[in-house]
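Protein chains in written order, with the numbering used here: chain G, 295 to 369; chain L, 4 to 666.
Read the hints as simulated data drawn from the structure, not as lab findings.
Note that the coordinates shown come from a computational prediction; the quantities given were computed from them, not determined experimentally.
Idealized CB from N, CA, C, for every residue including glycine.
Pairs of lysine-lysine, DSSO-like flavour, derived with a Cα cap of 27 Å:
id	chain 1	residue 1	chain 2	residue 2
1	L	LYS528	L	LYS612
2	L	LYS231	L	LYS216
3	L	LYS101	G	LYS312
4	L	LYS100	G	LYS312
5	L	LYS569	L	LYS360
6	L	LYS322	L	LYS196
7	L	LYS24	G	LYS312
Beyond 10 Å from chain L on every Cβ pair, some chain G residues (computed):
id	residue
8	GLN308
9	TRP336
10	GLN337
11	LYS355
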Amino acid sequence: MSRLKNLFSAILSQDMAKQARQVEAITVLVFVVLLCTVWWLWQLKLDIIQSVKDGQTITVKMDVFDLLLSRNKEQ
Amino acid sequence: MRSRLKVLINYFSLLLPYWDKSLLSLLCVGIGVLFGMATPLITKVLIDYAYPNRDLNLLTFLVLFGVLIFIFQTFFSDVSSYLDTFIHQTLSIDLRKKFFTRLLRLPLRYHFEKQVGDLMVRVTDDIDVIVDSVAETIPVLIKTTLQLAALLAICLMIDWNLTVLAMLGVPFYFVQTRFFARRFEELQEKSQKQESEIYTFYQEKMSNIKTIKSFNQEIYETDRLIDKLIGMFALVRQNLFLGLFNSFFDATLITLWTSFLAWYAGYRVITGHITIGEIMAILVYLGQIHQPIMDFGTIYKSLTRSFVSINRVDEILEKEPEAYKDTRTFVLFQIEGKIKFDNVSFKYHDAEEFILKNIDLIANPGEITALAGTSGAGKSTIIDLILRFVEPTEGAIYIDDKYDLKKVSLMTLRAYISIVSQDVVIFSGSIRDNLQYGRKVVNGAAMVEAAKAAEIHDFIVGLPGGYDTLIGEGGLNLSGGQKQRLAIARALYRDVKILVLDEATSALDSITEAAIFNNLKQLIKAKTVLMITHRPSSLKNADRIYIINDNVISESGTFAELLDKKGDFYKFYQAQAHESEEEIEEKVELIKYQKRLIKEKLRTAKALKLSPLEKKVLQLYYDERKTYAKISKELGMEPYDISLIRRSAKDKLERLRELEFKE
Numbered sequence: 295m296s297r298l299k300n301l302f303s304a305i306l307s308q309d310m311a312k313q314a315r316q317v318e319a320i321t322v323l324v325f326v327v328l329l330c331t332v333w334w335l336w337q338l339k340l341d342i343i344q345s346v347k348d349g350q351t352i353t354v355k356m357d358v359f360d361l362l363l364s365r366n367k368e369q
Numbered sequence: 004m005r006s007r008l009k010v011l012i013n014y015f016s017l018l019l020p021y022w023d024k025s026l027l028s029l030l031c032v033g034i035g036v037l038f039g040m041a042t043p044l045i046t047k048v049l050i051d052y053a054y055p056n057r058d059l060n061l062l063t064f065l066v067l068f069g070v071l072i073f074i075f076q077t078f079f080s081d082v083s084s085y086l087d088t089f090i091h092q093t094l095s096i097d098l099r100k101k102f103f104t105r106l107l108r109l110p111l112r113y114h115f116e117k118q119v120g121d122l123m124v125r126v127t128d129d130i131d132v133i134v135d136s137v138a139e140t141i142p143v144l145i146k147t148t149l150q151l152a153a154l155l156a157i158c159l160m161i162d163w164n165l166t167v168l169a170m171l172g173v174p175f176y177f178v179q180t181r182f183f184a185r186r187f188e189e190l191q192e193k194s195q196k197q198e199s200e201i202y203t204f205y206q207e208k209m210s211n212i213k214t215i216k217s218f219n220q221e222i223y224e225t226d227r228l229i230d231k232l233i234g235m236f237a238l239v240r241q242n243l244f245l246g247l248f249n250s251f252f253d254a255t256l257i258t259l260w261t262s263f264l265a266w267y268a269g270y271r272v273i274t275g276h277i278t279i280g281e282i283m284a285i286l287v288y289l290g291q292i293h294q295p296i297m298d299f300g301t302i303y304k305s306l307t308r309s310f311v312s313i314n315r316v317d318e319i320l321e322k323e324p325e326a327y328k329d330t331r332t333f334v335l336f337q338i339e340g341k342i343k344f345d346n347v348s349f350k351y352h353d354a355e356e357f358i359l360k361n362i363d364l365i366a367n368p369g370e371i372t373a374l375a376g377t378s379g380a381g382k383s384t385i386i387d388l389i390l391r392f393v394e395p396t397e398g399a400i401y402i403d404d405k406y407d408l409k410k411v412s413l414m415t416l417r418a419y420i421s422i423v424s425q426d427v428v429i430f431s432g433s434i435r436d437n438l439q440y441g442r443k444v445v446n447g448a449a450m451v452e453a454a455k456a457a458e459i460h461d462f463i464v465g466l467p468g469g470y471d472t473l474i475g476e477g478g479l480n481l482s483g484g485q486k487q488r489l490a491i492a493r494a495l496y497r498d499v500k501i502l503v504l505d506e507a508t509s510a511l512d513s514i515t516e517a518a519i520f521n522n523l524k525q526l527i528k529a530k531t532v533l534m535i536t537h538r539p540s541s542l543k544n545a546d547r548i549y550i551i552n553d554n555v556i557s558e559s560g561t562f563a564e565l566l567d568k569k570g571d572f573y574k575f576y577q578a579q580a581h582e583s584e585e586e587i588e589e590k591v592e593l594i595k596y597q598k599r600l601i602k603e604k605l606r607t608a609k610a611l612k613l614s615p616l617e618k619k620v621l622q623l624y625y626d627e628r629k630t631y632a633k634i635s636k637e638l639g640m641e642p643y644d645i646s647l648i649r650r651s652a653k654d655k656l657e658r659l660r661e662l663e664f665k666e
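So that you can see chain G by itself, here it is in the shape it has in the complex (with noise of 0.2 Å):
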């Protein structure tokens, strides 16, 4: 708890400026771990089941993001 208590007293008596632009930079730094992991789910390719005609299933491989954009039309 006190540990907690000091670093609130740490972040509140931070000069005003430099802690924005320390706010600024952690920002970028996450901005470029998240172009990473959609990089990286771009590049997963999960197996989806999709039904097709006469209740038949086949598999196909797509990325999370066509997955969420596609229409299952035949279901």
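Keeping the supplied structure of chain G fixed, place chain L upon it in accordance with the hints.
Leaving out everything else, chain L in the frame of chain G:
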């Protein structure tokens, strides 16, 4: 419309110094919006792919994917909030600084015309409204546009028929938003005016509480306040009803339209045009789509309201400040302090009658120049002219016979002038803070000297906190006389060339006043002192007195000369001092005698001045108790000569003492 756009661009340019933070915040907003779109799509995949095919791997992947999206979304939306708050607060500081700086630089006349309460509302409420609009409009506008574009794109991809139908309701929403926005703007204008009146009322009553109490008007003033508050309440009620009607129309329109869309979407599923997963997703999106549309309406209403505040703030920002009136000005580096009025006349721009006419006046350094006369004769206007609060309509004022006041830099001019007015202003803080006001370099010894000269030092050191005692609001309550003495000390401590005393001793008893003037005479050797006073006791201290009657200088001269003339000053003095003709004549004789005596003393003192040799002889004979023989040896003279020098020096000293006793 174009001018409004110009004003908006002008205010939005305040965001330019924070372009990097704004851009990053917008990026975060964009990411947050995109991630916010994902949840219905995940639900759609679960319903259309994972559940029907009993695909456990896909289910696990989608849940983990959802968690990942939640983490990123939370992070970016928190960063966006942090940066928005930072921009909002710094923008608020920037705008308030800009406003306050301009306000302080406006001519004094503007401040006399404006009510303090009204300015308070402008610097607080109006700036808040503007900052809210400027800081929030662009992020919300971009967020809303992105959200709407993403929602429309996904909806169009799933089923364009349903999406186009959904968008047909939008124009109806904007028509009613525009209708209500106009009403809100009118109400905002009335509310800000009413709030200004209430602030002015509070400010005026709080600063005149003594008068209210002495006239037993507490109940009357409370009733007046209640009337104003009821007026405000009526406006708030109007605002509330307008808001309620607006919400009702919004809700009705949205409910009717969404119900119709829900029916049509169901019809599309039943007829096999779309899947269950797709209808689930599209209904969630269409439910969300009204939010950005409503946000557009809210921004429009907020901007329309903020124009009222922008106009009120611009009214101050667009006023011409006094310091920039002249582009080519003298910067005063070193002045003697002589002030000369050369045939100066003054009247306000919109007035017909002159307040001062053909004033010729000289105030020399090392002298006390007094201005006396009836109330409203224009004495204080002379001081305002010297400080350049106002400028002569005709004629010119010169400093040291060479600098035309109109062409002197205001900043340097006022740096050479200290003023002590009748209504002394004491700021909240310590006595030390008040004494050091307007002085950048602190000199403790000089401050104490100034306090001693103003006869307030003994009172200050008698306080438990001494010079660090808190005064003003929440601190020690000083009497009128103590405040005046403190103000005199503050003015003396500034150590400037021109000292203006505007009824500065009106609250002091005659003994303290005499003591202060006595001290002043020692301090003002190189200062020009201008004094406005009605008090005969103060006027006696002046080297030259100007009598102002009916806006012109009717007489001028020394105290004795003016009494001798038996003109306006004589009548004025008689009325103020309540003295008979014989008493005044006696006083004139006494003053003349004193002056003669002083002149004689000066002449004699010069003749009686001891030579260095005499001083040395006296020192060796009396202080070191040496014999004539020893002194003669030391100085290389005959003992007899030494005895003669000692006798003559002693005679001179005794005559000097006699003179001092006579005085």
